[in-house]
Amino acid sequence: MCGCSALVAGGRPPPSSIPLRLRRRRGSSVRAEVSPGGESERKKVAVAGAGWAGLAAAHHLVKQGYDVTLLAAENGPTEEVGLRGFWHPYRNIFALVDELGISPFTGWNKAAYYSPEGLTVEFPIFHNQPRLPAPFGVFAYPEFPNLPLIDRLTSIPVIAAVIDFDNTDTAWRKYDSMTARELFKMYGCSQRLYREVFEPAIQAALFAPGEQCSAAATLGMLYYYMLSHQENSDFLLCRGDVEGKFFSPWLQSLEMEGLKFVPNKVPSSLTIDTDSGCISAIVCGDEIYKADAFVSAMGLSSLQSIVKNSPFLWSHREFANLLHLSTVDVISIKLWLDKKITIPNVANVCPGFDDSSGWTFFDLTSIYDDYYEEPMTVVEVEFYNASRLITLSDDDIVSEASLHLIKCIQDFEGATVIQKSVKRSPKSVINFLPGSYKYTPRGSTSFPNLFIAGDWIVNRHGSFSKEKAYVTGLEAANRMVDYFGTGDFAKIIAVEGDEPHIETLRSLSRRANELKSQIPFSEFFLQ
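In full-length UniProt numbering, the protein residues as written are 1 to 527.
Since the hints were made in silico from the structure, they are not lab data. Wrong hints could be hidden among the right ones.
Unchecked claim - For lysine to any residue, the following SDA-like pairs were computed, each having C-alpha atoms within a straight-line distance of at most 25 Å:
| id | residue 1 | residue 2 |
| --- | --- | --- |
| 1 | K110 | R195 |
| 2 | K265 | S310 |
| 3 | K438 | F312 |
| 4 | K290 | A73 |
| 5 | K110 | V346 |
| 6 | K174 | E514 |
| 7 | K44 | D67 |
| 8 | K63 | D488 |
| 9 | K427 | E211 |
| 10 | K185 | Y437 |
| 11 | K334 | L392 |
| 12 | K427 | D241 |
| 13 | K308 | P434 |
| 14 | K334 | D369 |
Unchecked claim - Ranges between beta-carbon positions, derived for each pair:
| id | residue 1 | residue 2 | range |
| --- | --- | --- | --- |
| 15 | I102 | R511 | 42 to 50 Å |
| 16 | I102 | Y187 | 42 to 50 Å |
| 17 | K407 | H501 | 34 to 42 Å |
We treat Cβ as the ideally placed atom computed from N, Cα and C, and that holds for glycine.
Please model the entire structure based on the sequences and the hints provided.
Written out as structure tokens, the structure reads:
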């Protein structure tokens, strides 16, 4: 948002003649002018959603002197359902850890994939391996106990699509109409390679099987976590609940700086000032929270509910489009078992146990400080795309989880569950269905004082999951700073650039696409 004004004799017009919201800049900061009577009035901001995105927006705006109210659906900040772990490319979150002065993480961890037939892939700590040009390290260093070399070699043609997909709007629209499975079939991927390597990655990161996931989202995810740089496949884990180890000290630091935290408030609708065309308040049941500007950092299903309850939003395309998007259910089960079980890897991904649900399990005994010395095993199981399971009783869900664990590691047989915790998260994660990209919103809206953040919206940073949620929160804060013309922009660390050979190949690919578009009748045929 950049306001331009004509020059008068001798230079620019006096600042008082330019409306505050039109005073924009390309520099690093802007400060509101002080009125004759004293300090400028602090602008009130309401942030709905207290996960990575909402906390990030509140974090920066509080530091810029805004009067910020953070509305949380639960008693405290709650991590969005998403891919577990803190991966090597989460550069902005790691910078936040340094800023807060906390130490919530384990070291780098190994992971494994299982199928109903047993172990299929073991991933090393890639930091410990000699670095190979991307993406060769991610295929050379893992151990594939039963996958023949000929199957692994069928991954090579897929690299052409990875090169072609450069995270631009054009690339997303090109690949979003097909499923991930169709993409791998088109490029000649073997059935076993797809089932034992690519399908697990898709289900763990995008929460649905490949036939239900956009090829564009799949390519973006695979490049970010696996194919761009060898070390990107390495991850840390939190040594306890993220809410306790990370969010609690973060929230305390923000409250000390003036943040108003309001728990147990679920937004039900928005109200509009018809004179200004701006959002005027967030409604939470019988309570109304007024502010000068707003950040929606809620999940997709929560925002869809608000749209349904706010008729004036229906005429705004970006909000009407939200109702075309789908979500998936996630179930998290924590089990305390009566004996020590040797689990070779702390993180494990397990697709293919039924037609649609993927699942993972984590050895919390080796991860959490509180369980490390315990004479038992604590394991957490997560089911994705879990509509088949979510209506079952807790006991039936625990039984399902136990049967799945035994198929992976025989030592689980005979172990008794002495304590359990089942958490259902219905409609908690966006389903990146083919064709969904055109309906997915960006960070700005048609209301000048309403901004959206979350790991499910469209942006060009290139990150996924927690890091994307955090980055979009900072982007929303920057839009707020730009809107009011007050404060400094948050520094957002870019995703590490392509390796030189990938950059060269992408440049050649773009040039080839440009030449192809100049061929007569190139747009006549179905693309």
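Evaluation of the provided hints:
1. K110 with R195: OK: K110 and R195 at ~20 Å, within 25 Å.
2. K265 with S310: Holds. K265 to S310 sits at ~17 Å (cutoff 25 Å).
3. K438 with F312: holds (22 Å)
4. K290 with A73: holds (18 Å)
5. K110 with V346: Answer holds: K110 to V346 is near 7 Å, not above 25 Å.
6. K174 with E514: holds (14 Å)
7. K44 with D67: Since the Cα atoms of K44 and D67 sit roughly 5 Å apart, the hinted pair holds (cutoff 25 Å).
8. K63 with D488: Distance ~9 Å between K63 and D488 Cα, so the pair holds.
9. K427 with E211: holds (19 Å)
10. K185 with Y437: holds (22 Å)
11. K334 with L392: This hinted pair holds, its Cα atoms lying about 16 Å apart.
12. K427 with D241: Holds, at roughly 22 Å.
13. K308 with P434: Measuring from Cα to Cα gives roughly 24 Å; hence the hint holds.
14. K334 with D369: holds (16 Å)
15. I102 with R511: 42 to 50 Å: holds (47 Å)
16. I102 with Y187: 42 to 50 Å: Given about 43 Å between the Cβ atoms, the range holds.
17. K407 with H501: 34 to 42 Å: holds (41 Å)
In this structure, none of the earlier numbered hints is contradicted; all agree with it.
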